[in-house]
Amino acid sequence: MALVLFLSFGLTAALRGGGAPPPSPPRAPDANATKNLLTSPFGPLLTLFRPGLPAPAPDLKTLKLKPRVVAFNVMVAGLSGLGKTTTCNLLFESWQQPDKAGRRSPLARGEPRLRKTTRHVDVSRRIERYDADANTILRVRVVDTPGFGNNIDHKHAVRPITKYVRRCRDEQFRAQMAARSQNDGAEGDRLVHACIYFISPHRFLEIDRHFLRHVQRELAIVPVIAKSDTLTDEELSEYRAMLVEEFRANGIAVCDFDEKSASILGDRAFARGRKRGEPLGIIARDGHYPWGTSEVHNGAHSDFALLRELLLSEHTEALVEHAAARYATYRARRVRVRRLTDFLKSATMLAVAL
2 MALVLFLSFG LTAALRGGGA PPPSPPRAPD ANATKNLLTS PFGPLLTLFR PGLPAPAPDL
62 KTLKLKPRVV AFNVMVAGLS GLGKTTTCNL LFESWQQPDK AGRRSPLARG EPRLRKTTRH
122 VDVSRRIERY DADANTILRV RVVDTPGFGN NIDHKHAVRP ITKYVRRCRD EQFRAQMAAR
182 SQNDGAEGDR LVHACIYFIS PHRFLEIDRH FLRHVQRELA IVPVIAKSDT LTDEELSEYR
242 AMLVEEFRAN GIAVCDFDEK SASILGDRAF ARGRKRGEPL GIIARDGHYP WGTSEVHNGA
302 HSDFALLREL LLSEHTEALV EHAAARYATY RARRVRVRRL TDFLKSATML AVAL
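Using this note's numbering, the letters of the sequence shown map in sequence onto residues 2 to 355.
Read the hints as simulated data drawn from the structure, not as lab findings.
Ideal Cβ positions, reconstructed from N, Cα and C, are used throughout, including at glycine.
Possibly wrong hints are sitting among the right ones.
Stated by the list, open to error - FRET-style restraints, in silico, Cβ to Cβ:
| no. | residue 1 | residue 2 | range |
| --- | --- | --- | --- |
| 1 | D257 | R175 | 46 to 56 Å |
| 2 | A250 | R340 | 39 to 49 Å |
| 3 | E246 | M350 | 26 to 36 Å |
| 4 | T342 | V245 | 43 to 53 Å |
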């Protein structure tokens, strides 16, 4: 009797619609919830166990590319008292200023200015600058040559400088052949890429001619006329023309910034009557005289701003590539000599064995 009542009650409920509700259709996953889940720290792990989830997209705001490093090793040479140290300090003066966050260059932080020493070659400054727009780090090493030209006999004054340049090139070759270089690319570059040579005002000395004729075989030379504020505009124009004729007569090849600088120079009027292809005339510090003043950063008084713009921005990579091309020729010659030496050693050992 109880079984009959239970069955009749269940049949009546089913007819009235009181049974279990039908299963609801599956809902699409919430897009915001899925995005929050993927961007969480466990997002990459969840994609391994749930193949249906898409891979998390990288956050472009926090994505940073590794900066490109350009090493630029520059030598400064010239007679004492021409303002080489002061000019180098001015070249990197803006690099020493802290950025918006109050930070300074890691290599420049805590390092002294160029120091005076009695050695022939002094690597006394390493400094770097990061260009956020180009995502490039420019690492500059300054090679100073104190005491150059102080001896009476100038025939051997150039020997320590050329010896140092060749030693750097030889160290680069031995590091590459022995595969012992810990740094790749620019970080392991030991070559000297360019030389800024300071010429005395009023006169072109024999030691200047001797230096330029011998060092031009090793690296690119950028001649500048030091203390140009001691010359009038007419004297400076005549002196520049005389230097160009001296370079041509003695077969001295110098770096000509004006040849491939149309993009930056344009129709710019050069300071103090300078013409294209002539050496730059710079001053190391502001001068105050009874007849007026001379300012270092004033383009009408000095070519210092143009030198810094061309040397440390426009032509930096061109000078590095020029030094690399010279080194490639040197390396090819060394490799041929090394192969020939190994062949002769092998032939000698074979002859002795037979």
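Against the structure, the hints:
Distance hint check: the CB atoms of D257 and R175 are about 33 Å apart, inconsistent with the given range 46 to 56 Å. Checked against the hint of 39 to 49 Å, the C-beta distance between A250 and R340 comes to roughly 41 Å, which is consistent with it. For the hinted restraint 26 to 36 Å between E246 and M350, the CB-CB distance of approximately 58 Å leaves it violated. The beta-carbon spacing between T342 and V245, approximately 44 Å, falls within the hinted interval of 43 to 53 Å.
The structure is inconsistent with the numbered hints 1 and 3, although it conforms to all the rest.
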